[in-house]
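Colleague: As a plain string of letters, each chain reads:
4 protein chains.
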Amino acid sequence: MPDAPREPLNHWVLTFVCADRPGIVHAISGAIVSARGNITESQQFSSADTGRFFMRLQVESPGDRAEFEAVLVPIAEEYEMTWRLDDVGRPLRTLVLASTAAHCVNDLLFRQRAGQLSVEIPLVLSNHGTLRDIAAFYGVPFESRPVTDAASKAAFERRILEVVDEFDIELVVLARYMQILSPELCERLAGRAINIHHSFLPGFKGANPYRQAHARGVKLIGATAHFVTSDLDEGPIIEQNVVRVDHSRSASELVAIGQDEESRTLTQAVKWFAEDRVLLDGARTIIFK
Amino acid sequence: MPDAPREPLNHWVLTFVCADRPGIVHAISGAIVSARGNITESQQFSSADTGRFFMRLQVESPGDRAEFEAVLVPIAEEYEMTWRLDDVGRPLRTLVLASTAAHCVNDLLFRQRAGQLSVEIPLVLSNHGTLRDIAAFYGVPFESRPVTDAASKAAFERRILEVVDEFDIELVVLARYMQILSPELCERLAGRAINIHHSFLPGFKGANPYRQAHARGVKLIGATAHFVTSDLDEGPIIEQNVVRVDHSRSASELVAIGQDEESRTLTQAVKWFAEDRVLLDGARTIIFK
Amino acid sequence: MPDAPREPLNHWVLTFVCADRPGIVHAISGAIVSARGNITESQQFSSADTGRFFMRLQVESPGDRAEFEAVLVPIAEEYEMTWRLDDVGRPLRTLVLASTAAHCVNDLLFRQRAGQLSVEIPLVLSNHGTLRDIAAFYGVPFESRPVTDAASKAAFERRILEVVDEFDIELVVLARYMQILSPELCERLAGRAINIHHSFLPGFKGANPYRQAHARGVKLIGATAHFVTSDLDEGPIIEQNVVRVDHSRSASELVAIGQDEESRTLTQAVKWFAEDRVLLDGARTIIFK
Amino acid sequence: MPDAPREPLNHWVLTFVCADRPGIVHAISGAIVSARGNITESQQFSSADTGRFFMRLQVESPGDRAEFEAVLVPIAEEYEMTWRLDDVGRPLRTLVLASTAAHCVNDLLFRQRAGQLSVEIPLVLSNHGTLRDIAAFYGVPFESRPVTDAASKAAFERRILEVVDEFDIELVVLARYMQILSPELCERLAGRAINIHHSFLPGFKGANPYRQAHARGVKLIGATAHFVTSDLDEGPIIEQNVVRVDHSRSASELVAIGQDEESRTLTQAVKWFAEDRVLLDGARTIIFK
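Chains as they are written, first to last, in the working numbering: chain A, 1 to 289; chain B, 1 to 289; chain C, 1 to 289; chain D, 1 to 289.
Think of the hints as simulated: they come from the structure by calculation, not from any bench.
Be aware that one or more of the hints could be misleading.
Derived lysine-lysine pairs resembling DSS-like cross-links, with alpha carbons at most 30 Å apart [as the list claims (entries may be wrong)]:
| id | chain 1 | residue 1 | chain 2 | residue 2 |
| --- | --- | --- | --- | --- |
| 1 | B | K153 | B | K289 |
| 2 | D | K289 | A | K271 |
| 3 | C | K289 | C | K271 |
| 4 | A | K289 | A | K271 |
| 5 | D | K289 | D | K271 |
| 6 | C | K205 | D | K205 |
| 7 | A | K205 | A | K153 |
| 8 | D | K289 | D | K153 |
| 9 | D | K271 | B | K271 |
| 10 | B | K271 | C | K205 |
| 11 | C | K205 | B | K289 |
| 12 | D | K271 | A | K289 |
| 13 | B | K153 | B | K205 |
| 14 | C | K271 | C | K205 |
| 15 | D | K205 | D | K271 |
| 16 | B | K153 | B | K271 |
| 17 | B | K205 | B | K271 |
| 18 | A | K205 | B | K205 |
| 19 | A | K271 | A | K205 |
| 20 | B | K289 | C | K271 |
| 21 | C | K271 | C | K153 |
| 22 | D | K289 | A | K289 |
| 23 | C | K153 | A | K271 |
| 24 | D | K153 | D | K205 |
| 25 | C | K205 | C | K289 |
| 26 | B | K289 | B | K271 |
| 27 | C | K153 | C | K205 |
| 28 | D | K271 | D | K153 |
| 29 | A | K289 | A | K153 |
Residues from chain A shown here face chain D by an in silico Cβ test under 10 Å; the list is partial [stated by the list, open to error]:
| id | residue |
| --- | --- |
| 30 | P22 |
| 31 | H26 |
| 32 | M55 |
Ideal Cβ positions, reconstructed from N, Cα and C, are used throughout, including at glycine.
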């Protein structure tokens, strides 16, 4: 590759899903070679449950998108792939929904600013004004609209969709947003909305899981980041963490302890999603870490 | 204490529970001083849920049991304590129930022989003959009786109670014993029978939790050691552990991975129980590690 | 205790260290009873290494400090105790030293404001101006003074001591402060200065531990919070954490991964110290969690 | 693939290392297609440190070894690969060296018999007779030879090499074998001998690491499985684990706690090696989990 240093290299991330059959890797790697690409990262998975094949590749190449797409499209058609090609590290356009709890929003904004999380956040939208200062500190626009009844809730959801359209939002993050989304909105955001549940799922669902955890005397508490579906707390799981607790902890102490797990679990899920590492296989996720 | 080196020291573990009120620690520590004891380990907990006070003490003293009881009994009566005084390190008389799975039984027997688990096991009682060789290797008596219908199941349970009486059994361990105990037997063994559940409770209950875990795509699987109650899988939790898994694991691989958590979780629970570190506070356990 | 509801209760934390001998617990608990106190939390440890006895008690009582001290002082003298009596939850006066890295300072300030960390911070003192905005956001005074040579370094250290005196500082936290303190200053701050080392000690010491960790191919990286002593990186360890990494991580990725461990490890150590849970036993720490 | 169901499928694991350059994946995947293979698992890594490319593939194919080698050899020559083709699940011929400690040997033999560890063990060779019964229980030949001086040590090492030759040993496991191997033997076994070090490396090296850990008051203790090299305790690290401890643990308790980490860390390293998941990149290992 004597010419490589002369041309600037582009860095692509390619993900695709198709029915599993022999020859896929050979076909794709041939296309990459012919677009002057070098594979720098590669992960694949064949799902015995659904018979589908999942792959994520990172490729460096002097070629531009047009050159790449020219070789990929015929293969994608032949193998009936669902695919996505993106620049490595392009910040994902992300809408953050919040209520009053600060820990998840603070962690997302701090890491975004520290360069550890490849997202851009055009808006934090909340049903309370509590987090206005934190958003301002990080220079992120903030908007609050009260949700007090069915009408204001519907208006809030319409506003979500407006923002999604206006900013071409790719991911909606429910950062301890304490409202249940309507089935219609869940449907509209399917596969691009992530929620943090303040319990190790399956487990204590619904309200006050920490109180339930205390009553049951569990020795570990946790948090679960999952895709939003209309089936509450049953969406595909992206990440889970737990932390050890003992009998001396009150229910309110469990809340404080659990918040650390919530924020790190949600941020991790957003990070993987922003790096195209999360693919859906029916009710399960494939995570190419 | 100029005389201390001349007399051999006894080592006692004292646990008690009573209604919480001021002065308990002073009263108990005074009794210990008057029985020439020195406190070497002490833990206590006041339960805000039940208003009860729990304490565990280890004491070294040249005094014998009679000397100790003479000072303890009046205080125990005054404070209406439930209490227990035992020699530190006395092996607990333990009956192990098993079926065909070897991992939990092997771990218990290996650690008992290695001196890490202070139990003596007069019998492994199983509804299958599979583990006869393992028991023989560790020099532990083994007995198998088929359970195929209601009559043989009742006979098996009668045999359990016979063994409990004959050997004055203090703890019954269900080491992946795959039969549900009758409510009557659960009642008889209340507070002295420990089961290992092959899931992180609350969570996937009943049969095949690993298959459920796989279908749900969880990122952590676990095990729970709990007291046996007639309310299946709902007894007070003693210990829980989890391990990280990913999408590439089949349900059968989850089984193998989970078995390690099962055996170490069960052994840990038995070890704490044998050391008088597990006390009951309603539906919760107090663990004085 | 019929009078208890009528008087407001004070909450005390009492820690003490003395030579181990029988009767200490009885003497102390007697003093507490006579000062109308109820023990709500109690931990003790007898060090086989040094023959010293350590205890931490939380007590609620309608009595004031004078009443408490009146009964404690005679016992403290009799047993030659080093002791400390404080209000539970009183914020510890804490000076934060920083350089350019934000993660530890941000975590300390965020948790202090969120009410999870019982400290008050009259000043963040830095040899760089980088963190001025973060301090301002959390409403904490900030001062920067360049350290470029021996003279400016000595001036910086004099300023540290001025601040310690002016605000009666109880704890100095080196939150990734990248200067080595002089032996004289270490001596002056002995037992009340905590540093975060960006490695799992003992291990990679000195500069660039993450580069060393990468070169060695370690599978876990970590962080260590320890007391500052003139013997660099050898002060008594307060807390350590590790996180799993694999071969695919570059040295610079290890830095980013390790920063999370650094900030949570340092914050944990500060939290325990502020709650009087950290006692020194020679070169080791006793942590009453 | 209409014929696939008619022929039995072979399962191959292919690993190779070569200089990194574009086209490798395409060339290999083309060879696999032409040998009628389907890739079921694939992992790769490009080392920025050494410029080398590492790959591990699992392939199912009706073709036999000859058919596979016919297509692989030309590519291996073109790219100057070091490569290895093996049947998935073939038990690795493994020699276990031991002294008196039982925990690592017991774990290896138990898991081998439970079908969790794909090794066959023609001999446990020890400088003590202590573990004869455990080996006998698992039906593994056992041989002990005292090592008391230079001559008996040299004889022991000669016996190791005899056994390696006689049984065509692929892996030598030092399961708490308490003798230092001579540089010559280390050289002979380079890349195929794994040791368990009873500490988290880098850290406490040499004798009595648990005593050092106690003296230093560390909050986590661990174990490290690494390749044997003549530079003691400095061989490439394969796996590490840690467990949390506190001030109350004596040095001898740390030993008991650490043994669990030792046995699970060593068994994990052996399992990965037996599955061709461990490759060497200079002083570091690549682990394709």
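Colleague: Compare the structure with each hint and give your call.
Modeller: A quick look at each hint next to the structure:
1. B/K153 to B/K289: It is violated: about 37 Å lies between the C-alpha atoms, which goes past 30 Å.
2. D/K289 to A/K271: holds (22 Å)
3. C/K289 to C/K271: holds (10 Å)
4. A/K289 to A/K271: holds (10 Å)
5. D/K289 to D/K271: With Cα atoms ~10 Å apart, D/K289 and D/K271 stay inside 30 Å; holds.
6. C/K205 to D/K205: holds (15 Å)
7. A/K205 to A/K153: With a Cα-Cα distance of about 22 Å, the restraint between A/K205 and A/K153 holds, given a limit of 30 Å.
8. D/K289 to D/K153: violated (37 Å)
9. D/K271 to B/K271: Measuring from Cα to Cα gives roughly 29 Å; hence the hint holds.
10. B/K271 to C/K205: violated (38 Å)
11. C/K205 to B/K289: violated (33 Å)
12. D/K271 to A/K289: holds (22 Å)
13. B/K153 to B/K205: Holds - the C-alpha atoms of B/K205 and B/K153 are around 23 Å apart, at most 30 Å.
14. C/K271 to C/K205: holds (25 Å)
15. D/K205 to D/K271: holds (25 Å)
16. B/K153 to B/K271: Holds. B/K153 to B/K271 sits at ~29 Å (cutoff 30 Å).
17. B/K205 to B/K271: The given pair, whose Cα atoms are some 25 Å apart, holds under the 30 Å limit.
18. A/K205 to B/K205: Within the cut-off at roughly 15 Å; holds.
19. A/K271 to A/K205: holds (25 Å)
20. B/K289 to C/K271: holds (22 Å)
21. C/K271 to C/K153: Since the Cα atoms of C/K271 and C/K153 sit roughly 29 Å apart, the hinted pair holds (cutoff 30 Å).
22. D/K289 to A/K289: Distance of about 12 Å is within 30 Å: holds.
23. C/K153 to A/K271: violated (40 Å)
24. D/K153 to D/K205: holds (22 Å)
25. C/K205 to C/K289: With Cα atoms ~28 Å apart, C/K205 and C/K289 stay inside 30 Å; holds.
26. B/K289 to B/K271: holds (10 Å)
27. C/K153 to C/K205: holds (23 Å)
28. D/K271 to D/K153: holds (29 Å)
29. A/K289 to A/K153: Not OK: A/K289 and A/K153 at ~37 Å, beyond 30 Å, violated.
30. P22: holds (4 Å)
31. H26: holds (4 Å)
32. M55: holds (9 Å)
Of the numbered hints given earlier, the model fails hints 1, 8, 10, 11, 23 and 29; all others are met.
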